[in-house]
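Assemble the whole structure, with the sequences as input and the hints as a guide.
The sequence shown maps to residues 16 to 360 in this note's numbering.
In case anyone wonders, no lab produced these hints; they're calculated from the structure.
Nothing here was measured: the structure is a model prediction, and the numbers come from that model.
Capping the alpha-carbon separation at 30 Å, the derived lysine-lysine pairs in DSBU-like fashion look like this:
#, residue 1, residue 2
1, LYS350, LYS113
2, LYS228, LYS338
3, LYS118, LYS350
4, LYS228, LYS350
5, LYS338, LYS350
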Amino acid sequence: PLFRRERVTAWFPIVTSEANRVVALWRGVAESNGEVDLNRDSTELARRVIARVVFGPDADRLRPVFAERLPYLSERAFNRGVSPIRIPDSWPTPGNRKAAGAKRVIREAVDGEIARRRREPTEGDDLLTLLLQAPDPEGGPGLDDGEVREQVFPYLLAGGDQPATAVAFVLHLLGHHPEAQRRVHEELDAVLGGRPLTPADIEALTYTTAVIKETMRLYPPAYGLPRRAEKEQRYRGYRIPAGSQTVSAPWVTHRHPAFWDEPGHFDPQRFTPEAEAARPPFAYFAFGGGPHGCVGVHLAMLETTVATATILQAYRVVTYPRKVSLTTGTTLRPKAAMPARVMAR
Numbered sequence: 016p017l018f019r020r021e022r023v024t025a026w027f028p029i030v031t032s033e034a035n036r037v038v039a040l041w042r043g044v045a046e047s048n049g050e051v052d053l054n055r056d057s058t059e060l061a062r063r064v065i066a067r068v069v070f071g072p073d074a075d076r077l078r079p080v081f082a083e084r085l086p087y088l089s090e091r092a093f094n095r096g097v098s099p100i101r102i103p104d105s106w107p108t109p110g111n112r113k114a115a116g117a118k119r120v121i122r123e124a125v126d127g128e129i130a131r132r133r134r135e136p137t138e139g140d141d142l143l144t145l146l147l148q149a150p151d152p153e154g155g156p157g158l159d160d161g162e163v164r165e166q167v168f169p170y171l172l173a174g175g176d177q178p179a180t181a182v183a184f185v186l187h188l189l190g191h192h193p194e195a196q197r198r199v200h201e202e203l204d205a206v207l208g209g210r211p212l213t214p215a216d217i218e219a220l221t222y223t224t225a226v227i228k229e230t231m232r233l234y235p236p237a238y239g240l241p242r243r244a245e246k247e248q249r250y251r252g253y254r255i256p257a258g259s260q261t262v263s264a265p266w267v268t269h270r271h272p273a274f275w276d277e278p279g280h281f282d283p284q285r286f287t288p289e290a291e292a293a294r295p296p297f298a299y300f301a302f303g304g305g306p307h308g309c310v311g312v313h314l315a316m317l318e319t320t321v322a323t324a325t326i327l328q329a330y331r332v333v334t335y336p337r338k339v340s341l342t343t344g345t346t347l348r349p350k351a352a353m354p355a356r357v358m359a360r
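Given below as C-alpha cells:
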C-alpha cells in the first residue's frame, strides 16, 4: 500500500525539486557551451531523491553514510551471487572485513534513526515514518525495528541506481534522435505552456512516456530477473527441476525479433496504445510481473517522467551516436561518463 500510485504522488515535490537542482547546475555549462555527464548527474539526482523519499528531512544528514558503502555492497553482492566459489563471510579476508565494516556503519545509522523516531514519533510522508506506522492488515503487530531496517536497504539500493540508468539513457538517446526530442519538446510546450509540471500533467505526456518505455526496452535497468521454480517445469525439451533458480531476461526478450521489428532501433512509436495492445503482454517487462513485480514501479516512472520533463523543458540535449559501455551488477549501469551538450531553450 505504501507504493500505490496515489501514495507515491506525495513524493512528487521531492522529484521536482531535485530535477530543478540539475537544471540549475547545468545553467552555467549551457552558457559556456561545455559538456555535462549524464551518468554522473542522473546518478546524483536519483540517489538524492531516494534518500529524501526514505528519510525525509533527515536525508542530508544520513546520505553520506550510504554514498560509498551501498554501491560497494551492491557490487559485492552481485559478484558473490555469480561466483562459482563462495568464500564464507566469516573468513577474515580483506573483502569480508571491508564489507562487514560497511554493513556495520549502515546498520548503526539506520538503527539509530529508527530508535530516535520510536522515541520521538513524528508525522511525515517519508518511507521510514510510514514503515514505522504501518499496521498489519491481519491485525497483528506492526514491523519490528529489524524488519523496518531490512525493508529500507532494498529501496536505497534499487531506488537509486535503476532510475539513474533510465534518466541517463532517455537523455542520451534523445540527444542523438533530434526528431524524437523535438516531439517531446512540442508535447511539453502544448501541455505545460511554459509553467511548471504538476502531477495532473503526467498522464497527458503520452509521447514522453513512450520515449521512456522505449528507452527501458533497449536499456532495462533490471536486465535479469531471478525467479525460483516452485514445481517442476518442462519447456521446449528442457526440464527445470522444482526449487531451481531461473532468470528471466528483459534484455533478451526486449530485443527478440519475434516480438520487435528492427529490435535495435530506437522507436517510441512502439508504445502507442495500439502497438502495446497488439503485442504479447510479456514481450516488454521492464518491471517484472505477477505477484513479484517491482513494488516501486510507480515511483520509478514518476521519477523518470518528472526528471525528463523538467530537464527537457529547460534544455535541448545533444549527445554522440556512439556505443555506451555497460556494466552489469545488480542493475544495468553505464560504465563510464556519458558526455552531452545542453543548450537553453
